[in-house]
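Asks: The residues making up each chain are set out below.
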Amino acid sequence: MHGNTATVQFPHCRAAPALWLYSPASRRPQFSRLQAASVPSRIAPLAIAAHTATTALGAGLEAQREALACGRGGLRRNDFGDAPLECWIGRVEGLEQVPLPATLSSWESRNHRLAWRALRQDGFDAAVAAALERHGAQRVAVIVGTSTSSIGETEAAYTRLENGRFPGALTQRHVHSPHALGDFVALATGALGPCLTVATACSSSAKVFALAARMLQAGLADAAVVGGVDTLCGSVLYGFNALQLVSSDPCRPFDADRDGLSLGEAGGFALLERDAPQARAWLAGYGESSDAHHMSAPHPQGLGAQRAMAHALARAGLEAGAIGYLNLHGTATPANDSVEARAVAALFPDTLHASSTKGWTGHTLGAAGIVESVFALLALEDGLLPGTLNSHRPDPACGPQIRFEPAPRTVAHAMNNAFGFGGNNCSLVFARA
Amino acid sequence: MNATPSFTAGVEGIGLWATQAPSWAAYRAWRTGGVTPEPVARPAPSLLPPNERRRAPDTVLVALEAAQAACIDAGRDPATLPSVFVSTYGDLAITDHLCRTLATAPRELSPTRFHNSVHNAAAGYWTIGTGAMEPATALSAGPAGFAMGLLEAIALRAAGAPAVLLVGYDGPSPEPLHQVAPSAGLLGGALVFGPAVAGRTRLRVSVEDGETATRANPAAPGNAMAPMLALFDALAQGAGNALLPAGPGRVLRLELDRG
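Residue numbers (the numbering used here), protein chains in the order written: chain A, 10 to 442; chain B, 387 to 645.
Source of the hints: derived by calculation from the structure; they are not laboratory data.
Quantities reported herein were computed from a predicted structural model and do not represent experimental measurements.
Hints should not be assumed to be uniformly reliable.
As the list claims (entries may be wrong) - Negatives, chain B to chain A, calculated, CB over 12 Å:
id, residue
1, L495
2, R499
3, A584
4, D595
5, T598
6, Q623
Claimed, not checked - Listed next, the stretches of chain B that the computed footprint assigns to chain A, with coverage defined by at least 3 CB atoms under 8 Å from CB atoms of chain A:
id, region
7, 409-420
8, 475-486
9, 500-508
10, 514-528
11, 574-582
Stated by the list, open to error - Distance windows between CB atoms, simulated:
id, chain 1, residue 1, chain 2, residue 2, range
12, A, A178, B, A602, 44 to 52 Å
13, B, V583, A, V107, 29 to 37 Å
14, A, E142, B, G420, 22 to 30 Å
15, A, G199, B, R601, 25 to 33 Å
16, A, A78, B, R639, 35 to 43 Å
17, B, P560, A, Q253, 54 to 62 Å
18, A, G103, B, P548, 46 to 54 Å
19, A, S50, B, R601, 41 to 49 Å
20, B, G419, A, S50, 45 to 53 Å
Just so you know, even glycine gets a beta-carbon here, dropped at the ideal spot from N, CA and C.
Construct the entire structure; sequences and hints are all you get.
Replies: Structure (structure tokens):
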């Protein structure tokens with residue numbers, strides 16, 4: 010029926026598209042499309058010259074390392090804003106006390122303060138400066154992700170309207186835009202290459218690796234600052250609350266008793282280069298897909314997730330058994346975790362060590378991709394595979410790949426999953442240098 | 387300093403919707419022959435079922451309308467295309483609604499408005515409506531947005547995608563957001579890029595130093611995505627050059643010809 014409709018309405022289509030007009034999900038042949046989809050071929054790995062993350066666990070890699078190793082979580086009772094909701098958050102300490110330097114003061118926002126702090130950890134700013142020197146500033150791209158950018162500033166302005174208009178101090182035009190983050194990072198680093206902000210909700214700062222890889226391989230740039238920053242704000246706290254996805258306890262990913270997520274904030278960055286003098290690790294593959302199912306609920310069989318993971322493996326030229334650690338999206342909502350566990354069990358052997366680190370940091374939304382990529386890189390560097398903090402009672406619906414306890418093990422390849430609203434999926438494969 | 391290489395792509399399909407020119411055919415007739423079209427208030431993409439069409443944000447509707455038209459023009463099944471959705475601001479009516487609710491009764495925030503507030507709302511509705519499991523990206527880059535989306539589309543093709551859908555769109559900003567995020571009217575433009583083959587419009591793309599001249603386009607005066615219309619004007623003529631802003635002091639040079 011849909012084929013006929015399409016033929017009548019679009020007579021010059023070379024092949025009548027079967028799925029052209031709206032059709033209920035139940036009538037779409039999604040399995041056949043998953044299997045029929047062409048699998049991408051292997052790509053040349055890209056060097057990761059530097060990386061860093063700043064989360065509720067602290068600023069920089071040492072703080073992340075120490076907290077992951079000791080099982081020290083970063084969640085606290087929600088103390089963000091007036092009359093806070095009853096829940097737990099991963100809040101970055103002290104952002105209120107440290108303003109941006111005077112030269113950047115017109116960019117003031119919580120998000121940019123966190124971006125600024127994150128950029129200056131672990132010698133990341135020096136690594137970018139060296140890349141600018143090596144390649145020329147116009148050959149260094151900035152590709153960063155965020156879900157809410159500096160919307161906290163917009164929210165604040167609405168509480169202080171004067172005669173229906175923003176008060177003078179809150180009208181810095183460039184802060185109230187999704188791309189404020191990209192602009193700020195370009196300004197803060199001095200990079201003058203292509204600059205864009207990816208905003209695909211919770212997959213944003215995983216997608217940036219895929220966009221950067223393509224841009225570098227196409228020769229549009231020689232290096233790219235990738236990463237992401239998202240900060241706590243009313244929109245996400247009350248928005249996820251409205252969707253009834255927030256737990257009143259610290260989140261327990263994959264636990265049989267899990268009842269929702271804990272929100273967090275974070276910033277992190279990586280420097281990707283096609284030819285770097287020294288690689289700290291490698292981006293070996295990336296895979297992206299769409300669920301084509303629902304705006305805020307995952308595909309029940311996790312077909313989109315499977316496709317993203319399978320394509321990341323294919324681009325890395327690896328079999329599933331070669332992955333030693335998988336950092337799961339694992340938000341701790343009942344639906345997301347069981348769907349992801351099912352997708353993982355469909356692709357990976359029982360021996361895989363997979364875990365969610367959201368119990369440490371909370372769900373940092375548009376920053377989750379970079380933070381958890383950094384955690385996967387630390388697992389490669391340190392040979393310590395994180396467990397799943399706060400989770401104790403395994404869900405029988407989740408397979409043996411899901412691990413609650415940490416394991417010391419040297420692995421050669423690690424994967425990171427990030428899945429966002431709109432059914433937007435991204436998986437990344439990293440390789441030890 | 388290394389020069390950025392230039393790239394060539396074939397333009398397989400074009401779609402456009404603006405309040406003042408509610409189709410690509412109307413826009414082209416207007417810009418090349420001076421035939422002023424009848425304005426239309428709101429697009430109605432057949433991709434969405436009627437109840438979702440009523441509820442969907444206007445920016446989603448205009449993006450889907452343009453995208454659908456470009457795929458029809460290209461004769462491509464949209465389910466087979468990776469897509470790149472570019473918007474400067476996303477849906478400012480929703481941002482306004484969320485911020486007003488947060489300022490007065492935050493616990494009454496609407497869950498539907500919240501999930502529609504994500505910058506990838508149009509990309510999400512598109513992939514759901516077409517059944518596309520191909521990658522979809524949503525990005526923002528100020529005035530350079532469409533140029534950055536075009537670079538990503540080119541990079542997707544270079545990485546092996548036979549054809550790619552690129553969509554640019556923005557909507558009006560209500561007060562007080564208009565102070566800080568100026569945009570007016572509804573505008574969506576979409577292109578399907580494929581191989582550069584004989585008989586098809588070819589686009590040669592390179593990045594260089596320079597500035598673009600700001601010229602108001604009567605089809606979408608004040609719309610934040612209006613810089614992309616320089617390319618659509620060149621496409622309406624079937625040949626010539628267009629410059630798109632590509633960041634401070636940088637432009638995307640687009641040279642069109644018939645293969």
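Asks: All hints, please: hold or fail.
Replies: Structure-based check of each hint:
A cut-off of 12 Å between C-beta atoms contradicts the statement that L495 (chain B) is not in contact with chain A; the least separation is 5 Å. With a cut of 12 Å on Cβ distances, R499 (chain B) falls inside the contact zone with chain A, its closest approach being about 8 Å. Look at A584 (chain B): its CB is around 17 Å from the nearest CB on chain A, clear of 12 Å, so calling it non-interface holds up. Residue placement check: D595 (chain B) does not keep its beta carbon more than 12 Å from all beta carbons of chain A (closest about 8 Å).
For T598 (chain B), the shortest C-beta to C-beta distance to chain A comes to about 16 Å, beyond the 12 Å cut-off, and the non-interface label holds. Even its closest Cβ contact with chain A, about 23 Å, leaves Q623 (chain B) beyond 12 Å, as expected for a residue assigned away from the interface. Closer than 8 Å: that is the beta-carbon criterion, and the region 409-420 of chain B has 0 residues meeting it against chain A, so the requirement of 3 is violated. Counting residues of the region 475-486 of chain B whose CB lies closer than 8 Å to any CB of chain A gives 6, which reaches the minimum of 3, so the coverage claim holds.
Counting residues of the region 500-508 of chain B whose CB falls under 8 Å from any CB of chain A gives 8; the rule of at least 3 is met. Against chain A, the region 514-528 of chain B contributes 15 residues with a C-beta closer than 8 Å to a partner C-beta. That satisfies the three-residue criterion, and the hint holds. For the region 574-582 of chain B, the assignment as covered by chain A is violated, since 0 residues bring a beta-carbon within under 8 Å of that chain's beta-carbons and 3 are needed. Against the hinted window of 44 to 52 Å, the Cβ-Cβ separation of A178 (chain A) and A602 (chain B) comes to about 31 Å, which falls outside the hint.
The supplied range of 29 to 37 Å is broken by V583 (chain B) and V107 (chain A), whose beta-carbon atoms lie about 56 Å from each other. At about 53 Å, the CB distance of E142 (chain A) to G420 (chain B) disagrees with the hint of 22 to 30 Å. Take G199 (chain A) and R601 (chain B): their Cβ atoms lie about 31 Å apart, and the range 25 to 33 Å holds. The hint said 35 to 43 Å for the Cβ distance between A78 (chain A) and R639 (chain B), and at roughly 52 Å that hint is violated.
Distance hint check: the CB atoms of P560 (chain B) and Q253 (chain A) are about 29 Å apart, inconsistent with the given range 54 to 62 Å. Here the CB-CB span from G103 (chain A) to P548 (chain B) is close to 50 Å, well matched to the stated 46 to 54 Å. Distance hint for S50 (chain A) and R601 (chain B): a CB-CB separation of about 44 Å, consistent with the stated range 41 to 49 Å. For the pair G419 (chain B) and S50 (chain A), the beta carbons lie near 47 Å from each other, so the given range of 45 to 53 Å is met.
Of the numbered hints stated above, those contradicted by the structure are hints 1, 2, 4, 7, 11, 12, 13, 14, 16, 17, listed in ascending order.
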